[in-house]
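J.: For reference, the chains in residue letters:
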Amino acid sequence: MENDGLVLKATGLALAYGRRIVLEDVNLEVRSGQFCFFLGPNGSGKTTLIRAILGALWPRAGQLWLHTDHARRERIGFVPQRCDINPTLPTTVREFVLLGLVGIRADSQDRVERLNWALDKVGLAGLEHKDYWSLSGGQRQRALVARALVRRPSMLILDEPTNGLDLSAEDAFLRSLATLNHEEAVTVLFVTHDIAITARYATHLVLFHSGSVESGPREKMLNRAALERVYGVLVDASCDASGAVTIRVCPPGGDP
Amino acid sequence: MIEGFLSSWTLFHNTYLAGWLIGLLLSLIGVLVVARDQIFIGAAISQASTLGIALAMAMGAWAATDTLSWMHSDGFLTILAVAFSLLAALMTSSAGKAGGESHEAITGWVFLASASLSILIVSYSPHGLEEIHRLLASSIIGATESDVWTFGMLAALSALLLVAAHSRILLFAIDPAMAGAVGMNVRRWTAAISAWLGLAVGLSIRSSGMLYTFGCLVLPALIAKNVCREVRPMFLVAPVVAVGTGAVGFVLANHYDFPPAQMTVALLSLLLMVAWLLPRMRRGTG
Numbered sequence: 001m002e003n004d005g006l007v008l009k010a011t012g013l014a015l016a017y018g019r020r021i022v023l024e025d026v027n028l029e030v031r032s033g034q035f036c037f038f039l040g041p042n043g044s045g046k047t048t049l050i051r052a053i054l055g056a057l058w059p060r061a062g063q064l065w066l067h068t069d070h071a072r073r074e075r076i077g078f079v080p081q082r083c084d085i086n087p088t089l090p091t092t093v094r095e096f097v098l099l100g101l102v103g104i105r106a107d108s109q110d111r112v113e114r115l116n117w118a119l120d121k122v123g124l125a126g127l128e129h130k131d132y133w134s135l136s137g138g139q140r141q142r143a144l145v146a147r148a149l150v151r152r153p154s155m156l157i158l159d160e161p162t163n164g165l166d167l168s169a170e171d172a173f174l175r176s177l178a179t180l181n182h183e184e185a186v187t188v189l190f191v192t193h194d195i196a197i198t199a200r201y202a203t204h205l206v207l208f209h210s211g212s213v214e215s216g217p218r219e220k221m222l223n224r225a226a227l228e229r230v231y232g233v234l235v236d237a238s239c240d241a242s243g244a245v246t247i248r249v250c251p252p253g254g255d256p
Numbered sequence: 257m258i259e260g261f262l263s264s265w266t267l268f269h270n271t272y273l274a275g276w277l278i279g280l281l282l283s284l285i286g287v288l289v290v291a292r293d294q295i296f297i298g299a300a301i302s303q304a305s306t307l308g309i310a311l312a313m314a315m316g317a318w319a320a321t322d323t324l325s326w327m328h329s330d331g332f333l334t335i336l337a338v339a340f341s342l343l344a345a346l347m348t349s350s351a352g353k354a355g356g357e358s359h360e361a362i363t364g365w366v367f368l369a370s371a372s373l374s375i376l377i378v379s380y381s382p383h384g385l386e387e388i389h390r391l392l393a394s395s396i397i398g399a400t401e402s403d404v405w406t407f408g409m410l411a412a413l414s415a416l417l418l419v420a421a422h423s424r425i426l427l428f429a430i431d432p433a434m435a436g437a438v439g440m441n442v443r444r445w446t447a448a449i450s451a452w453l454g455l456a457v458g459l460s461i462r463s464s465g466m467l468y469t470f471g472c473l474v475l476p477a478l479i480a481k482n483v484c485r486e487v488r489p490m491f492l493v494a495p496v497v498a499v500g501t502g503a504v505g506f507v508l509a510n511h512y513d514f515p516p517a518q519m520t521v522a523l524l525s526l527l528l529m530v531a532w533l534l535p536r537m538r539r540g541t542g
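Order-wise, the sequence lines are chains A and B.
Quick note: the first sequence, position 2, residue 2 per our numbering, numbers continuous.
Quick note: the second sequence, position 140, residue 396 per our numbering, numbers continuous.
These are computed hints drawn from the structure, not numbers from a lab.
Certain hints may be false.
Label pairs and their in silico Cβ distance ranges [what the hints assert, rightly or not]:
| # | chain 1 | residue 1 | chain 2 | residue 2 | range |
| --- | --- | --- | --- | --- | --- |
| 1 | B | A433 | A | T203 | 39 to 47 Å |
| 2 | A | T68 | B | L534 | 47 to 55 Å |
| 3 | A | P87 | B | S350 | 22 to 30 Å |
The beta carbon of each residue, even a glycine, is placed where N, CA and C say it ideally should be.
Here chain B stands alone, though its shape is the one from the complex (with noise of 0.2 Å):
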């Protein structure tokens, strides 16, 4: 199995990296989407990355391919892919004051609105449909070199911040409210980390879709909730579960020629209920 994990390297290599960095990089930021309960937002903002990706190529499919040739390139996408999910990140950030709308309700109205229109608006044009349930099933088999280099050095540049400004970044994921009483700005902390979000769920739905997505941002965070005894280990242990978990997948994966992506949040999926299980079963046996 490892074997034939290996003689793949050659041809899959960039995507098994760029799998493995996005993993890194989406459980270290699901830890504060978790410690804040705010699970549904990460929903959104995929959703809402969709979104723009469906824009882009609807404009693209309007623009003239000699005159506006730019609107046909990879770029576009991604530009459009992240700044949507920056605008759904910042939308569902700033939601939730006294007098207006709840959290859930604006991420609720982001996340259908989003997944309506992404599905209308590319309707009319050729293979818009079919990537946009390309997108939503997930594929990370078409990942390139530079890929593997933007998902490497944002997870760098996140495990730097969480270092440096650890004590104030656990303070904001417990208690935002005492964070607010030692000196911290809590709306500026919200919208930066809401950025960071956006930006991450914008180039890794690009990259490897919407299940994979939001399955690494989630599920090893809820994972090293339920497995650890306090939230600082979390930052360790999420990371360490989703890119083990990724490793296992894709030799899974490899050998038994299913999708690495969906291999991986399936065995995800099965880690988070033996964690919800375990401690259930020792109570039982105790």
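Just chain A, same shape as in the assembly (with noise of 0.2 Å):
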């Protein structure tokens, strides 16, 4: 088996909260680099597959193996779906991407440094005094890359983080990721429901449906077939060399 530039790797893998098996029979390899997107309808289990791979839900059988430089999460950067902070709180965009570094030993230097590179490659340079509340949604989304960002990950997880972003927000902070990806071979796990974002932006695909994973690079996995499987309707979804995405959504009994 070739292990090069393997970052993830679930073998067997079933994860379960209580008696209630949520994925079974995982098998998925990640590798160095790869823009992976995580699709799949609610409740098919790809928040749990991330809250494994962070750590904070332990496998119920199987394995999930880590890169030695992920083992301690130290290179694991996590963007979460929703921030849940005290509107009232008062905090400075500075303090917010700070926290990031937590579990992390820099000094006030590296600190400094940290959050400087981070804040440059989201694009907000510059803003570090700010109030973290005078921020647009989509700045404020930024500022979360930038928190996951401040721990110079090499693998970026994002759970859901376009939601509630309007199309040039969406479209400005996917493309701040790309480049990421592109220039510091950062490893994206990217969770979404959208599949014009997955056309234009995966290199690879993990598809959640019945509590189970199929896994490849996104010309083998995103067809008709595989998206009839994991949504029960049929979708038709490609990406021409310019960038622009189509989706066909077959009506009930209809040919798309």
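From these two lone chains plus the hints, build me the complex, please.
T.: Written out as structure tokens, the structure is:
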């Protein structure tokens, strides 16, 4: 078996909350530099797998192997689905982003360097002293990514981070992620429901359905049969060389 | 005014020191309470602690003095005060799970049940109602040297913990969901901080009463929230406000012969109003 660049490997993995088994017999490999999208309906286990990768949920069975770089989770950055901060609490972009350094030893100079680097990468350079609550929705989302990036992660995990963003904010956000993926070789695991952005940005896909997963390169996975298995409706998705995405959903009983 | 205060030092130094140390301790913990928007929990825990004291008094009145003399001791009152506040802290912190009751509902229940039961339990005890009213109104005049040592050590320990684990405590206070994602056991952290809150409030209620305890828990932290631009400096500003206002309050109370606890809480309330109004006035003139 070729192990080059392998950063995450699940073998026969089963995950459960109490007696409720969410995922069973998950076999999955993620390699360094992949822009890997987790796609599937609500409750299909996407966030559950993320929680297991983050170490917040122990496998019921099987193995979840992480590269030594990630074993202590110091070089994993996480962007949650939503940020439940008390909105009356005063905080600046600087304080908010530096919260991401919990569990990492960094002196004051290192902290400043990490902060500036992370803000620069998400296009918020120069805003470190700004009140966090004065940022727009898109900027707050990018601040969340900066908080994950301040750990200098080699793997970035994002759980439906584009929810609530308008089209232009979503586009700017995804472009900055793609740049990170290309320029810094950051492996990205991106949970979403959005087939259009999957078709445009994914290099690899993990499809979740009925308690199991299928994975592979986008070209192999993003097809009508696989999407029908996941969503139960006929969907065609394609992305041309210019990046234009076409999604066709078949009406019940029809043909896309 | 200052001379009058200094001349009262010999007689009331334990009261003054205990009052300031309680302010220091509770204002530090209060930042966490305010940051997590759980102010009402502070009130409920204080009230539950009063219920513990009421129960201890009722048991003391029922118990025979010769065989169960320990039930008449101050230590027994303190133990039940702390036990009930710990229980309330853990109950309110473990609420809010999906499918269960909300934090607010459980906290409201703890507050109302404790408030009503503490009066009912002591209704027929000699001096019972009087003692409960004293606790609710607050009086720190009777603080002892052991109170000073106890609150001094608890305040020092709290400050040490905050320094040693400031990043984790800050993340837990601001964004517990993220804290869980980076490997912190949020449930254990919540239980530990609730236990700390319960211990501090339980001991403080016994020494200084409900008004002073609840006032020092939330008002300095709320003032700090309104004058700071970040959460981290709130952990410095809140204790400075608590101890500073306590010093001014005690001097004024001594000079004008007012109760010191009420004077301090009134000053803190006034400061909070100023902290609320100042930014609005600046915006108005800007």
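J.: Against this structure, judge whether each hint is valid.
T.: Against the structure, the hints come out as follows:
1. B/A433 x A/T203: 39 to 47 Å: 29 Å, violated
2. A/T68 x B/L534: 47 to 55 Å: With a Cβ separation near 53 Å, A/T68 and B/L534 satisfy 47 to 55 Å, so the hint holds.
3. A/P87 x B/S350: 22 to 30 Å: 24 Å, holds
In summary, the structure is inconsistent with hint 1 from the numbered list given earlier, while agreeing with all the others.
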